[in-house]
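**Q** Those sequence lines, one after another, are chains A and G.
Basically the numbering used here = 1-based index in the first sequence + 2.
Basically the numbering used here = 1-based index in the second sequence + 1368.
Since the hints were derived computationally from the structure, they do not count as laboratory data.
Note that the Cβ used here is the ideal one computed from N, Cα and C, for glycine as well.
Be aware that one or more of the hints could be misleading.
[Stated by the list, open to error] Some but not every residue of chain G turned toward chain A, in silico, with C-beta under 10 angstroms:
#1 1376
#2 1493
#3 1589
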Amino acid sequence: MNLWVLRGLRDGVVTTRWPRRADEYADSWRGPVTVTAGANAPDAAALCPTGAITAADGWVRLDQGKCVLCGRCVAQRPDVFAWSAGATGPGAAALARQALVVPQAPETDEAVEAARAALAERTAALRRSVHVRHVDAGSDGSEEWEIQALLGPVYDIQRLGVFFTASPRHADVLLVTGAGTAGMAGPLRTTYEGMPDPRVVIAAGADAASGGLLGEQLTGVAGTVPVDVWVPGSPPSPFGILNALLIATGKLR
Amino acid sequence: MTITSTEPSVIALWDTLAARIDRGDRFAGLFAVPRNGAVMLSAQVATSGSVDTLEAALPSGAAGYPALTPRVGAAFWYERVIHDETGIVPEGHPRLAPLIRPGNPEDHALPRHVAGYGLFTIPHGPVRSGVFESMEYLVETPGEAIPHLNMRIFYKHRGIAARFTGMTVADGVLLAERAEGIASVAHTLAFCHAVEAIADCEIPREAALVRVVHAELERIANHLDVAMRLADAAGLAVATARFALHKERVLRLVSALCGSRFGRGVVVPGGVSAFPRKRPAEILGDIGKLERQVTADADTLMATSSFLDRLRGTGPLLPGRAREHGALGPIGKASGYADDARVARPYDAYPLLDAGPVAQHSAGDAMARLRVRFDEIAQAFHFIKQALSDFPERTRLTLQAPCPPADGRAVGWAEAPQGEVLYDVTLDEGRIARCQPRSASFHNLVLMHEVFAGDILTDFPFIEASFGLSVAGAAL
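Chain A on its own, in the form it takes in the complex (with noise of 0.2 angstroms):
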């Protein structure tokens, strides 16, 4: 039996120490797709299987809230779009939904302002620790995966107050992932009002911001739950989940 303390020895400290240092990992990782600016292109919205690209008036934009990552667009038009290098950074979370559209229109820089403001100012006892709930409303699995990570020794997002919770009356944080079912409907807004204010709902992934590609069935939780944080990937990846987390609770910016 003491052997496990011996194995807990094994590999010393593994976790990360970000967001107080880098981490090499979260840095490397490919991001969301980005649009290189002012890029014109009238047939570039055929390429994407979600519809997540648009050229009215033949400029091009992309909404990271449907994009699944599939990279077809970057492979056939590398002179429009890119990948984004890092899982965290302002760019991996969006306080609000037009915010995900790249490149970003100019009245959107006015519109998160606004959101954070708003945020901060009803998160503003939410700074030291966090409880968080997590609710699936029809996830394809692997976005549990990555928020069961967070719980994991590498992650592990006690280190920064934060804590995950049975009971939507503890909760202070909404995390829903998935594309928004019919079933998960009742059960998300049951869960949504079972929580005490203030209470924040960040919807991770491009499933819960648009669908993802069942987009033209499901169309997200927003419709559910009024969503505060969005954060872009098919899954998100931990960091990026974890950087929408203290960017909801005023820890980050």
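Based on the hints, put chain G in the right spot on chain A.
**A** Just chain G, lined up with the frame of chain A:
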């Protein structure tokens, strides 16, 4: 090759099916297929070497047909899905409650299957404590024992099969990757095998080797996840952390090879999209290190008596029932019923590789299931090492064989960590006319009904974790 045969009537179909199952074939699925205004019942039967499809048309406008479930119990959930999706009634089916469509809320009253003094039902889910996928368990209990269990998976039904219709093959690959996200590689393999069978395309040997590497890494990650959950259920904090660490290392290795932690974007019809971003020798080094670390912790776990006490005799699936149901993957293997698609119906590079010695298990309890998973992890390392050692020089590699979309229908299969995945794909004018995925999670989850022999509420997390299934794959 997959053979499709049409029977004159539903009864004739059931007779043929029953005769083949008596001969030792395995019932692998039953679906309702709309075709030319009529509805076909389409059954899949796994034999050594192939998966056959047997069909019979329902009379036009038929509101029902004689149910298969009374003759072949494994059809229990399949016929509930047929009822959910088409409204056609399998007459004589023992319990036609909604399974993947929510149905009417008035049908959602707590079912009572056992009666007696002090019996009550615990509704557990769909929002459960911890980070779990959404499903609901209805546990009927007098307080400790679990005489009956019901499962509701419709909360997560996303309509994957319907979404396939009309997609291009390339988009179909992306959807297959997301049908059961923790078994992305296996689902994509099964889908691509069907497409390649239709196009009569043979993939290059080196692409087949890359496929094996990714499929086996996915298996290792899934089995480590099960070990982690079991250790967590037993409250072994260090063991839980160790297996979580190993799993994270595997996912990071996968992302170093292809950019995705779940092996997405690797498998495409005709081969693979890219070769691993690391040299085979480097990967072999990583794999060797990983194997030593995992094996040492697995050995320690299997020598931790307080842990084994919780697994021994817990949630036993009787060998007779496993054979009768055609239990897939590790659940079947732990009960002495091994029908591994990699061995019985080998694909990709598996015919070239040595499977190594395979231990036999028949206890059928949670401990046997964990032993099977640790055996499979060792076997997966063995496969990966062979595949990488066999890898030809970088200068003369072919990624893909041409696989032009042809019209036709075929069944593709692959062995996911949870067991065999089947894809019945019909292509028409380069697009998917119909695609019916069948995951091992769906086929196996129904068995959880019958493994609570004498087990009590505190055994529940062990039994659930030892099954190692995905709700996304079951509800699709």
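**Q** Evaluate each hint against the coordinates.
**A** Structure-based check of all given hints:
| no. | hint | verdict |
| --- | --- | --- |
| 1 | 1376 | violated (36 angstroms) |
| 2 | 1493 | holds (8 angstroms) |
| 3 | 1589 | holds (8 angstroms) |
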